[in-house]
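> Every number in this note's numbering is 22 more than the matching position in the sequence shown, counting from 1.
It cannot be assumed that every hint is accurate.
[Claimed, not checked] The calculated label-pair distances, taken between Cβ atoms and stated as ranges, are:
1. Leu108 with Met23: 27 to 33 Å
2. Ala42 with Val81: 28 to 34 Å
3. Ser113 with Ser39: 29 to 35 Å
4. Asp93 with Ser39: 14 to 20 Å
Honestly, the hints are just simulated from the structure, not real lab data.
Don't be surprised by glycine CBs; every beta carbon is placed ideally from N, CA and C.
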Amino acid sequence: MHTLILEVQLHIPTSTSRKAKRSVVQSLVRRIDDRHGVAAAEVDHLDLHQRCGIGVAVVGAEPGHLDEVADDIERLLWGEPRVDVLDIDRSWWSSE
Numbered sequence: 023m024h025t026l027i028l029e030v031q032l033h034i035p036t037s038t039s040r041k042a043k044r045s046v047v048q049s050l051v052r053r054i055d056d057r058h059g060v061a062a063a064e065v066d067h068l069d070l071h072q073r074c075g076i077g078v079a080v081v082g083a084e085p086g087h088l089d090e091v092a093d094d095i096e097r098l099l100w101g102e103p104r105v106d107v108l109d110i111d112r113s114w115w116s117s118e
């Protein structure tokens, strides 16, 4: 079993409140989950209205497949006009 963790840091320049931020973040998290069936959640900068940290966990048997899923998630985030991607880190864990 292999696990890939994405730690995503985003800037939401048009957000003027935490409510506006929540709308953007929940939409992104829902799209990531619906598209890939992974675990995704807002995990950092909860008290700020223009910063966001999202954690994504991808679990599977083949590391290559996990890389493909992560690449697609990154493309989705980089293509999202409502956010600026500040950083994306990948961490691996394997039971082998």
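> Against the structure shown, which of the earlier numbered hints fail to hold, in ascending order?
4
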